[in-house]
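For the record, the sequence lines run as chains C, Y, B and A.
If you're matching positions, the first sequence starts at 8 in our numbering and goes up one per residue.
If you're matching positions, the second sequence starts at 8 in our numbering and goes up one per residue.
If you're matching positions, the third sequence starts at 5 in our numbering and goes up one per residue.
If you're matching positions, the fourth sequence starts at 5 in our numbering and goes up one per residue.
Be a bit skeptical, because a hint or two may be false.
Simulated pairs of lysine to any residue, SDA-like, Cα-Cα distance not exceeding 20 Å [to be verified]:
#	chain 1	residue 1	chain 2	residue 2
1	A	Lys-49	C	Ala-106
2	A	Lys-67	C	Val-83
3	A	Lys-49	B	Leu-185
4	A	Lys-136	A	Glu-173
5	Y	Lys-104	Y	Ile-140
One-sided excerpt, in silico: chain B residues whose CB lies under 7 Å from chain A [unchecked claim]:
#	residue
6	Pro-39
7	Gln-89
8	Gln-92
9	Asn-95
10	His-96
11	Asp-116
12	Pro-117
13	Glu-119
14	Leu-120
15	Glu-122
16	Gly-142
17	Gly-143
18	Asn-169
19	His-197
20	Leu-201
If you are wondering where the hints come from, they were derived from the structure by calculation, not from laboratory data.
A virtual CB, placed ideally from N, CA and C, is assigned to each residue, including glycine.
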Amino acid sequence: MIKPLSKLARLILGDAQADRVVPPTGFTARLTVFASATMAFLAVFALALSLATGRLADRWGEALAKSATIRISAPVDQMDAQILAVTEILATTPGVKEARPLSEDEQRALLEPWFGPDLPLDRLPIPRLVEVIEDDEGIDADGLRARLAGEAPGAILDDHARWREPLVKSATRLRSLGWIAIALITTLAGVVITLAASAALAANEQVIRVLRLIGARDSYIARAFVRRYTLRAFGGAAVGTVLGMLALFLPPAAGPEGGFLTGLGLQGLEWLWPLLIPPFAALVAFFATRHAALSTLQEKR
Amino acid sequence: MIKPLSKLARLILGDAQADRVVPPTGFTARLTVFASATMAFLAVFALALSLATGRLADRWGEALAKSATIRISAPVDQMDAQILAVTEILATTPGVKEARPLSEDEQRALLEPWFGPDLPLDRLPIPRLVEVIEDDEGIDADGLRARLAGEAPGAILDDHARWREPLVKSATRLRSLGWIAIALITTLAGVVITLAASAALAANEQVIRVLRLIGARDSYIARAFVRRYTLRAFGGAAVGTVLGMLALFLPPAAGPEGGFLTGLGLQGLEWLWPLLIPPFAALVAFFATRHAALSTLQEKR
Amino acid sequence: MIELEQVAYGYGTGTLLSGVTMSLAQGSFHFLTGPSGAGKTTLMKLCYGELVAEQGKVELFDKNVSEMQRDDVANVRRRIGVVHQDCQFLNHLSLAENVMLPLTVSGRSLHDPSELQELLTWVGLDRQQAAKPPELSGGERQRAALARAVIMSPDVILADEPTGNVDWEMSLRLLQLLVELNRMGKTVMIATHDMNLIRSAKSQVQARVLRISNHQVAVAGANL
Amino acid sequence: MIELEQVAYGYGTGTLLSGVTMSLAQGSFHFLTGPSGAGKTTLMKLCYGELVAEQGKVELFDKNVSEMQRDDVANVRRRIGVVHQDCQFLNHLSLAENVMLPLTVSGRSLHDPSELQELLTWVGLDRQQAAKPPELSGGERQRAALARAVIMSPDVILADEPTGNVDWEMSLRLLQLLVELNRMGKTVMIATHDMNLIRSAKSQVQARVLRISNHQVAVAGANL
Ligand SMILES: Nc1ncnc2c1ncn2[C@@H]1O[C@H](COP(=O)(O)OP(=O)(O)OP(=O)(O)O)[C@@H](O)[C@H]1O
Ligand SMILES: Nc1ncnc2c1ncn2[C@@H]1O[C@H](COP(=O)(O)OP(=O)(O)OP(=O)(O)O)[C@@H](O)[C@H]1O
Ligand SMILES: [Mg+2]
Ligand SMILES: [Mg+2]
């Protein structure tokens with residue numbers, strides 16, 4: 008593996024003189040370039056899909072994963088004291104970013120779907136809720152429960168685990184969809200580039216035969232072809248990648264899909280990911296052409 | 008369009024005698040077959056994706072779209088009478104499949120996240136809820152509201168429109184994702200098959216030249232090639248389709264992704280959809296080869 | 005059968021042929037000579053419509069080539085058997101299938117299947133029938149090309165250097181085949197460098213020798 | 005330089021050559037004849053290592069072909085210039101580049117660039133230098149093949165039918181080139197059907213004529 012890779016470096020830099028012996032144009036060239044471009048184009052989309060679903064999944068997961076609620080049941084006269092106690096506990100709990108008792112209006116809004124807007128909250132002995140926003144590390148739910156039990160016996164921690172589950176499941180599904188797509192496209196891209204390079208090489212059997220007959224060494228012939236096809240795959244993949252990235256920018260079609268296309272785009276540093284595609288295509292082409300060239304040569308003397 | 012299509016029929020049936028003049032194997036053949044197979048394989052997945060997301064979207068949309076809640080606020084002594092009135096109204100409302108007052112336990116469960124398990128429901132003057140399941144036609148929400156206002160003034164219809172919105176939006180996004188994937192794959196499949204067929208034909212320029220030189224008519228040469236490549240594209244696409252369909256059956260990998268792969272599968276009559284892929288590939292190959300053959304011929308006399 | 009009138013042709017790099025007037029009458033026997041690169045193959049290509057004259061008129065079977073439809077060209081070629089200098093075969097077909105190809109593409113078959121055997125035996129290829137063209141020797145390919153040119157008994161036979169790679173005995177045998185066909189009324193033109201072949205033919209048939217020199221085609225006299 | 009000892013070869017369809025013992029000494033000049041399909045090209049291929057003898061021993065420059073590494077074969081070929089019967093060119097390169105190819109692939113260049121011009125002029129291809137092989141006439145390709153075979157001044161020159169498609173004057177010119185190289189000490193073997201060429205050569209150098217018949221290679225006597 009290491010030997011061919013160091014060869015790869017030498018390959019891209021030099022020995023352009025041997026280049027002339029490989030037919031420069033024709034359909035075999037177009038084929039390799041186009042196959043790489045197509046596969047790179049699809050790969051950009053798969054990548055965008057996978058990153059976008061990942062993002063979506065994160066958003067869904069986080070929305071609930073990073074929040075919890077503390078429910079305080081207490082006689083009306085002790086309520087404020089308990090709330091204070093809970094807020095103080097939370098202030099010293101690691102993992103808590105923000106803690107805030109819900110106002111009556113907020114609590115009323117939460118209950119509205121079931122009880123209507125006219126609920127006399129102040130007259131009801133209902134519990135008060137404290138919303139807890141966790142930071143990245145998250146809280147230690149069991150530890151917090153223990154402290155609450157000791158210091159504010161009416162307070163119960165609800166970390167939403169039960170509510171989170173179906174959403175997290177959906178998110179996981181979406182994310183795995185992205186990975187399946189990217190694995191599938193990558194594999195097929197490898198196969199298609201390999202096939203195109205081998206096919207192109209088979210079309211050049213006559214060239215290989217002539218070169219061998221006039222005294223060219225195997226390494227010379229292989230290098231000339233490998234260099235040419237590696238660069239072609241790289242170039243094709245680069246074009247495909249750029250086109251794919253441009254397509255992600257396209258003005259969204261009218262209608263609700265517009266919103267989705269926007270969601271499919273890449274964000275910030277994610278735009279760097281597609282840049283890995285052309286080198287990957289080149290690497291695949293390098294090994295594929297090398298193998299094809301050496302095995303075509305084996306048949307000739 | 009009609010003329011070539013009738014030719015397509017003749018093509019598949021007969022004239023196998025001319026077949027021999029086209030090289031039967033070699034990399035050009037493999038290329039067309041493989042390109043069709045790859046693209047068919049991807050198309051099956053795109054199809055499955057699009058159908059599965061459609062299903063998912065439907066499920067999410069329906070889950071809320073087909074249900075509504077009626078909230079009855081009334082003094083405790085009038086409650087039962089109002090519930091009865093509402094149930095009777097619902098019984099005569101078109102579009103209602105099932106209507107059922109929630110039991111106290113159910114209502115307590117709904118409220119539990121906010122109030123804890125010990126809510127003294129019976130002592131609270133909270134409204135009672137009636138769950139309405141709609142049938143396929145759905146109810147006329149405004150009409151029902153008017154009737155309720157007249158006959159059961161304490162009852163308010165909540166058709167969940169506000170809650171449904173984000174889920175429906177998500178579902179639409181997912182569905183459009185499926186369609187984008189299928190449009191992309193179909194287009195690229197067409198391009199790749201066209202390119203493979205043209206490339207294969209270019210490799211056979213010598214054969215075309217010889218045939219022309221010994222007195223073969225254009226139509227004879229074109230037909231021989233078109234027949235061969237159409238059948239190859241069809242065969243390749245058939246193999247790719249079958250492989251794709253088998254892949255959808257694959258035992259899901261360990262871990263939570265398993266669940267998703269299952270979700271990606273096709274259901275019932277949906278399994279018929281992929282059967283359209285091979286004829287489509289054949290049609291594309293037919294026109295691509297025909298065009299390529301005739302334009303290659305134009306260059307020769 | 006084939007008439008050229010004041011024909012000029014060049015490959016874009018200058019004039020190769022100009023003011024060529026020539027007529028191959030039915031039943032005539034012509035040789036075409038001239039130094040390598042003079043334009044013999046080019047002239048042949050004009051005679052079966054692969055090239056179209058830049059100036060002047062080429063008539064094949066009384067039809068002007070430049071006015072022919074593509075299918076007309078194909079039809080005319082079924083009446084002209086050509087031995088190409090770089091024997092053109094389909095490498096995936098056997099020798100016998102290649103020889104039969106002109107019949108195959110015109111949807112015909114031999115009246116008598118033994119004719120193929122006879123022909124192949126004459127050119128010494130009966131044992132190589134099943135071989136693919138790349139497995140044949142240079143001379144074998146040339147003989148196969150001649151067999152393919154005559155298999156459908158065309159009205160005109162144009163042979164471009166048909167004996168360049170075969171030994172003298174075989175050359176005479178091939179010549180004899182062409183002479184025999186000529187006696188049956190076929191028009192024959194052979195491009196060759198082999199003066200001995202021309203001399204040998206002159207003793208058997210009334211053959212005219214055309215020589216390309218100075219972009220022109222002229223009838224060579226008795227002195228070859 | 006090239007030694008064959010009790011060599012046998014066949015293409016799987018029976019014996020073609022058997023018990024062939026032959027030696028091309030340095031500075032020798034050989035002709036190889038025999039009917040079409042006798043195995044001349046096959047024998048040549050054994051001499052530059054494209055085929056490996058089924059029996060017996062082939063030594064090129066004192067190395068046994070069957071024991072050579074692939075790179076050894078390549079190195080040996082740089083010392084043997086071959087004119088292939090079906091001239092093998094790279095169609096995307098110009099004639100001049102094709103002729104220079106043996107130097108290109110071994111990373112060398114001409115001491116004096118004018119040598120290429122001189123050589124091309126000798127074989128009459130100076131005006132066609134920039135043409136691609138498919139644009140050349142049959143004879144022009146053959147001359148180019150000879151030019152390519154001699155460009156790197158190899159120790160041995162094997163020419164398979166180098167004059168099949170060229171006129172007599174040009175044949176003599178090409179022969180003269182080979183004779184000249186032979187006088188400079190190169191070993192030459194020419195496969196040909198052209199008895200006149202052999203006769204003409206015999207008047208210039210001491211040439212031996214080998215004839216393949218009955219699967220054997222024998223030295224032909226004075227009577228050709
Ligand atoms: N396709 C082409 N494009 C450009 N030039 C060409 C082409 N074909 C032939 N020529 C040139 O035209 C000239 C005549 O070629 P042609 O093949 O007719 O010669 P010829 O008389 O048949 O020679 P030979 O005896 O060597 O076969 C040659 O110099 C050749 O280089
Ligand atoms: N690759 C091959 N596979 C099978 N048979 C072959 C192959 N190459 C040559 N032959 C057969 O071997 C025999 C000798 O071929 P070869 O090319 O050596 O003849 P040759 O003496 O050079 O003839 P020519 O004078 O016609 O060039 C021929 O009958 C040919 O059909
Ligand atoms: Mg010629
Ligand atoms: Mg030979």
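Report task. List, from low to high, the hint numbers that the structure doesn't satisfy. Result -> 1, 2, 3, 4, 8, 9, 10, 11, 12, 13, 14, 15 and 20
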